[in-house]
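Participant: Just so you know, the protein sequences line up as chains A and B, in that order.
Heads up, the first sequence is in full-length UniProt numbering, so the first residue is 1 and it goes up one at a time.
Heads up, the second sequence is in full-length UniProt numbering, so the first residue is 1 and it goes up one at a time.
No lab work stands behind these hints, which were simulated from the structure alone.
For every residue, glycine included, the Cβ atom is placed at its ideal position computed from N, Cα and C.
Fair warning: there could be bad hints in the mix.
Okay, derived cross-link-like pairs now, BS3-like style, lysine-lysine, Cα gap no bigger than 30 Å in a straight line [stated by the list, open to error]: (1) B/K152 x A/K152; (2) B/K181 x B/K97; (3) A/K152 x B/K164; (4) A/K88 x A/K181; (5) A/K164 x A/K152; (6) A/K181 x A/K152; (7) B/K181 x A/K57; (8) A/K57 x B/K88; (9) A/K152 x B/K149; (10) B/K152 x A/K181; (11) A/K181 x B/K164.
Part of the chain A face toward chain B, derived, beta carbon under 7 Å [claimed, not checked]: (12) L17; (13) H31; (14) E33; (15) E60; (16) V168.
To list a few chain B residues with every Cβ distance to chain A over 10 Å, as calculated [unchecked claim]: (17) E36; (18) A74; (19) C209.
There are 2 protein chains.
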Amino acid sequence: MSEGPTAFGHRFADRSLLEQALTHRSAAGRHNERLEFLGDALLNMIVAEALFLRWPKADEGAMTRARAQLVREATLAGLARSMDLGAKLALGPGEMKSGGHRRDSILADALEAVIAAIYLDAGFDACRAVVLGWFEPLVAELVVGKVEKDAKTRLQEWLQGRGKPLPVYTLVEARGDEHDKVFFVRCDLADPVDTASGQGSSRRAAEQCAAAELLARLDVPRAPRRGPG
Amino acid sequence: MSEGPTAFGHRFADRSLLEQALTHRSAAGRHNERLEFLGDALLNMIVAEALFLRWPKADEGAMTRARAQLVREATLAGLARSMDLGAKLALGPGEMKSGGHRRDSILADALEAVIAAIYLDAGFDACRAVVLGWFEPLVAELVVGKVEKDAKTRLQEWLQGRGKPLPVYTLVEARGDEHDKVFFVRCDLADPVDTASGQGSSRRAAEQCAAAELLARLDVPRAPRRGPG
Numbered sequence: 001m002s003e004g005p006t007a008f009g010h011r012f013a014d015r016s017l018l019e020q021a022l023t024h025r026s027a028a029g030r031h032n033e034r035l036e037f038l039g040d041a042l043l044n045m046i047v048a049e050a051l052f053l054r055w056p057k058a059d060e061g062a063m064t065r066a067r068a069q070l071v072r073e074a075t076l077a078g079l080a081r082s083m084d085l086g087a088k089l090a091l092g093p094g095e096m097k098s099g100g101h102r103r104d105s106i107l108a109d110a111l112e113a114v115i116a117a118i119y120l121d122a123g124f125d126a127c128r129a130v131v132l133g134w135f136e137p138l139v140a141e142l143v144v145g146k147v148e149k150d151a152k153t154r155l156q157e158w159l160q161g162r163g164k165p166l167p168v169y170t171l172v173e174a175r176g177d178e179h180d181k182v183f184f185v186r187c188d189l190a191d192p193v194d195t196a197s198g199q200g201s202s203r204r205a206a207e208q209c210a211a212a213e214l215l216a217r218l219d220v221p222r223a224p225r226r227g228p229g
Numbered sequence: 001m002s003e004g005p006t007a008f009g010h011r012f013a014d015r016s017l018l019e020q021a022l023t024h025r026s027a028a029g030r031h032n033e034r035l036e037f038l039g040d041a042l043l044n045m046i047v048a049e050a051l052f053l054r055w056p057k058a059d060e061g062a063m064t065r066a067r068a069q070l071v072r073e074a075t076l077a078g079l080a081r082s083m084d085l086g087a088k089l090a091l092g093p094g095e096m097k098s099g100g101h102r103r104d105s106i107l108a109d110a111l112e113a114v115i116a117a118i119y120l121d122a123g124f125d126a127c128r129a130v131v132l133g134w135f136e137p138l139v140a141e142l143v144v145g146k147v148e149k150d151a152k153t154r155l156q157e158w159l160q161g162r163g164k165p166l167p168v169y170t171l172v173e174a175r176g177d178e179h180d181k182v183f184f185v186r187c188d189l190a191d192p193v194d195t196a197s198g199q200g201s202s203r204r205a206a207e208q209c210a211a212a213e214l215l216a217r218l219d220v221p222r223a224p225r226r227g228p229g
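Pulled out of the complex, with its shape left as it was, chain A reads as follows (with noise of 0.2 Å):
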């Protein structure tokens, strides 16, 4: 019996497993929404770990902004056309059609989903050593201390110390079916006046964009303030 191909750096004793992780709820069969729920557990604790382990000295702020960078949508769905994973998607025929494999949020559910799925045909060892292999790299480029707050939270930073009152966001629309919706958020500044608009595939993102929007018309400088590791 041949050993049967790697895929994404691992090989499956289950293939069955591999499968389901790339098949998407579009499609016929089983489809990879629960392991995309076990496979983004296991990403946000192994990549905790990595931070924890390799940056000594941080704290928790720090260690959550950067795991908030690595497991970001854009960072898993870069992760996944690098490994070409859109190619071997299964996916119903609207979805074919409208480039879904080529999508960020479909790419970076499946890697979740494959990361479930190495756990449940090898177990944590061997699951954490090939997401290690495809985070080292990116985690070896933070600097620490030198992750960038997000920018809802350098706004209300930039607000607080000026004794001004917090930003108010309000979600003017949601639209869209449950699986490709589009969140339009406004976000209101009482002192300076002002106001700006985001949207997103999520609430926090269109709220991260509206804030993006202010901080760079207040002209808040990008460097953080203060380094903790």
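Given chain A's structure and the hints, the job is docking chain B onto it.
Facilitator: Same frame as chain A, now just chain B:
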């Protein structure tokens, strides 16, 4: 050499890890915030896997809601109390005086830190076994598909199901210092016109509180409309 006492269901080879896990940031010495970061990720992963294995047909949404209920601060604080964790905590004099060893947030954070300490002391399998021991009775009590959706989700679904505008949440005020903040939130409905206030130790908790108030006024039934498993 004696094997030493077990604490929290685990016999620590390196007692300094346990000591750090039980040291609040207000006390002298190495405190538990970094461990809490890692422990939170471990807890989320271990509970995710437990739900994934126990509920083979539950969808991602049902598992996400069940996990949120299991790992929320009040649940963790309850577990911590059942282990008499508060009495073992090292706190600074200010926190001692103000009853910090009874506070939900401090107890929950310390319990998460203990999870990380066990992981670092003895590895993933040992950590998982201990954590599952704590949570199994709670997991067993949950009925698949019967985990209630949170108030914000139910309010949103109720409004969407009737073609009405989404609720608008506004942060009115955040009082107190970083580690003991209280958030005040307002939730406005356009149709029917109504408004409610909520407060909580996080913005999200305050929003849930306001949404729950509106749900009660709208007389929305509490039973979930569909079971996933």
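Participant: With chain B as the partner, please determine if A/E33 meets the hint condition of a C-beta pair closer than 7 Å.
Facilitator: holds (5 Å)
Participant: Run the distance test for A/K164 versus A/K152: straight-line Cα separation, threshold 30 Å.
Facilitator: Holds, at roughly 15 Å.
Participant: Would the pair A/K88 and A/K181 pass a check requiring their Cα atoms to be no farther apart than 30 Å?
Facilitator: holds (24 Å)
Participant: For the pair supplied as a hint, B/K152 and A/K181, confirm whether the alpha-carbon distance does not exceed 30 Å.
Facilitator: Judged against 30 Å, a Cα distance of about 18 Å means the pair holds.
Participant: CA of B/K181 to CA of A/K57, is that 30 Å or under?
Facilitator: Given pair B/K181, A/K57 holds - Cα atoms ~25 Å apart, limit 30 Å.
Participant: Does the structure keep B/K152 and A/K152 at a Cα separation of 30 Å or less?
Facilitator: Cα-Cα ~21 Å, so holds.
Participant: Is the Cβ of B/A74 farther than 10 Å from every Cβ of chain A?
Facilitator: holds (21 Å)
Participant: Interface hint check: A/V168, Cβ to nearest Cβ on chain B, cutoff 7 Å. Holds or violated?
Facilitator: Holds. Min distance 5 Å.
Participant: Are the Cα atoms of B/K181 and B/K97 separated by 30 Å or less?
Facilitator: Cα-Cα ~18 Å, so holds.
Participant: For a C-alpha distance cap of 30 Å, please report whether A/K181 and B/K164 respect it.
Facilitator: holds (17 Å)
Participant: Measuring from the C-beta of A/L17 to each C-beta in chain B, is the shortest one below 7 Å?
Facilitator: violated (13 Å)
Participant: Quick one, are A/K152 and B/K164 close enough, alpha carbons at most 30 Å?
Facilitator: Holds: A/K152 and B/K164 sit about 28 Å apart, inside 30 Å.
This entry does not satisfy hints 12, 13 and 17, going by the numbered hints stated previously.
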